[in-house]
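Here the protein sequences come in this chain order: A and B.
Numbering follows our numbering, in which position 91 of the first sequence is assigned residue number 91; successive positions increment by one, without gaps.
Numbering follows our numbering, in which position 18 of the second sequence is assigned residue number 18; successive positions increment by one, without gaps.
The hints are simulated quantities; they were obtained by calculation from the structure and are not laboratory data.
For glycine and all other residues, C-beta sits at the position ideal for the given N, C-alpha and C.
Incorrect hints may appear among the rest.
Label-pair restraints from in silico Cβ distances [claimed, not checked]:
#, chain 1, residue 1, chain 2, residue 2, range
1, A, N242, B, Q71, 39 to 45 angstroms
2, B, R76, A, A167, 55 to 61 angstroms
3, B, T111, A, Y237, 32 to 38 angstroms
Calculated cross-link-like contacts (lysine to any residue; reagent style SDA-like; alpha-carbon spacing at most 20 angstroms) [unchecked claim]:
#, chain 1, residue 1, chain 2, residue 2
4, B, K4, B, G122
5, B, K116, A, Q212
6, A, K213, B, L113
7, A, K213, B, R86
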Amino acid sequence: MTPPRSGFVQKLTASAQKHAEELFEQNERLKSLVASLEEKHSLISEELSSLRDERDSLRTERGKLKNVLDEALAQNRRDIERSALVEQQCTSLANLYVATFKLHGSLERQEVLSAISEIVVNLVGCENFGVFERTGPTLKLIGEFPTHPSTIKEISVEKSFVADVCAEGGPWIAGRDAVTGSPVPEDVTAVIPLRLRSELTGAIVLFALLPQKGGSFGDVDIELMDLLTAHAATALYASRPNA
Amino acid sequence: MSKKTLLVVDDSPTALMMNTMLLGRQPYNIVSAKDGQEAVDKAIASPPDLVVMDVMMPRMNGIEACRALRQNESTRLVPVILITTRGEEEYVAQGFAAGCNDYVTKPVNATELVAKVRALLGE
Numbered sequence: 001m002t003p004p005r006s007g008f009v010q011k012l013t014a015s016a017q018k019h020a021e022e023l024f025e026q027n028e029r030l031k032s033l034v035a036s037l038e039e040k041h042s043l044i045s046e047e048l049s050s051l052r053d054e055r056d057s058l059r060t061e062r063g064k065l066k067n068v069l070d071e072a073l074a075q076n077r078r079d080i081e082r083s084a085l086v087e088q089q090c091t092s093l094a095n096l097y098v099a100t101f102k103l104h105g106s107l108e109r110q111e112v113l114s115a116i117s118e119i120v121v122n123l124v125g126c127e128n129f130g131v132f133e134r135t136g137p138t139l140k141l142i143g144e145f146p147t148h149p150s151t152i153k154e155i156s157v158e159k160s161f162v163a164d165v166c167a168e169g170g171p172w173i174a175g176r177d178a179v180t181g182s183p184v185p186e187d188v189t190a191v192i193p194l195r196l197r198s199e200l201t202g203a204i205v206l207f208a209l210l211p212q213k214g215g216s217f218g219d220v221d222i223e224l225m226d227l228l229t230a231h232a233a234t235a236l237y238a239s240r241p242n243a
Numbered sequence: 001m002s003k004k005t006l007l008v009v010d011d012s013p014t015a016l017m018m019n020t021m022l023l024g025r026q027p028y029n030i031v032s033a034k035d036g037q038e039a040v041d042k043a044i045a046s047p048p049d050l051v052v053m054d055v056m057m058p059r060m061n062g063i064e065a066c067r068a069l070r071q072n073e074s075t076r077l078v079p080v081i082l083i084t085t086r087g088e089e090e091y092v093a094q095g096f097a098a099g100c101n102d103y104v105t106k107p108v109n110a111t112e113l114v115a116k117v118r119a120l121l122g123e
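Using the sequences and the hints, build the whole thing.
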């Protein structure tokens, strides 16, 4: 007969063995889980590496596209600037065409003076000016903007600011061109000589500009003044018989 | 789609020719008038899509013409751009009080005028 103590040990041993078996099984499951996780980790690492490669490739592609976009934007800006320049040139040409057309559109003195007046007011942007024509040794006032009577009525061809600033070349512009000889009245902003060949036949004296001009002339204004130098002189000369 | 019609008004033949050329380069039909009264008559007879009008004109000036257009049922909604020699606030305020939608100052800047025309035509 087995003593009671021995039975207890047997029970304990069996329980320990069962527990050990459970631990062993659990250990096996964990090992399997670790192996599975390692496999997944490996797959994810590969996927990550692939994604990193793809990301780097996309970054490179993005860089290239950004360069293309920057170039396209720069080209667009250049095109806009060019378009604005062409538009400006078209406007300048239209200005010059209209001015020439109007100046030579009539042989009537009043109509020629109106054309000069409209060009100076509407295209140059000055509504305070006088048109002078040579009569012997003086330039006499023959036209002015009606709401701004000129204070200068006669100018000497030989000795005057007009004679000095218009000694040769094109228009004289205050602030841009030097004053030589006779002092130029403070309110004069420009003098446009009227010439037939090289002979001074008259002048258009501009006083205050329209406020929105900001006191300065643009390129198209200078071109219009150059045009007036030659064409207004011709138009006025041609209209003399009808003066 | 049919072209929109602009009524360009100025007593100065030079300015009228210039503005007609500037706006004629765009896809618009241009109708012209040489003073405010003629502009109002033409606009009422056949309402344009927009009016570009000088302020200083004989018979009826641009401010009066603008007011007349606003009082007529067929033209009260036609956009009006005034061309003014004076850009100071008091002169511009008179134009807006008469019902103009916008204004440009002389000498007319083509780009500015075309941009304002397009904006008012919703282009």
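Each hint tested on the structure:
no. : hint                                : verdict
1   : A/N242 - B/Q71: 39 to 45 angstroms  : holds (44 angstroms)
2   : B/R76 - A/A167: 55 to 61 angstroms  : holds (59 angstroms)
3   : B/T111 - A/Y237: 32 to 38 angstroms : holds (36 angstroms)
4   : B/K4 - B/G122                       : holds (11 angstroms)
5   : B/K116 - A/Q212                     : holds (18 angstroms)
6   : A/K213 - B/L113                     : holds (16 angstroms)
7   : A/K213 - B/R86                      : holds (11 angstroms)
Hint violations for this structure: none, all hints satisfied.
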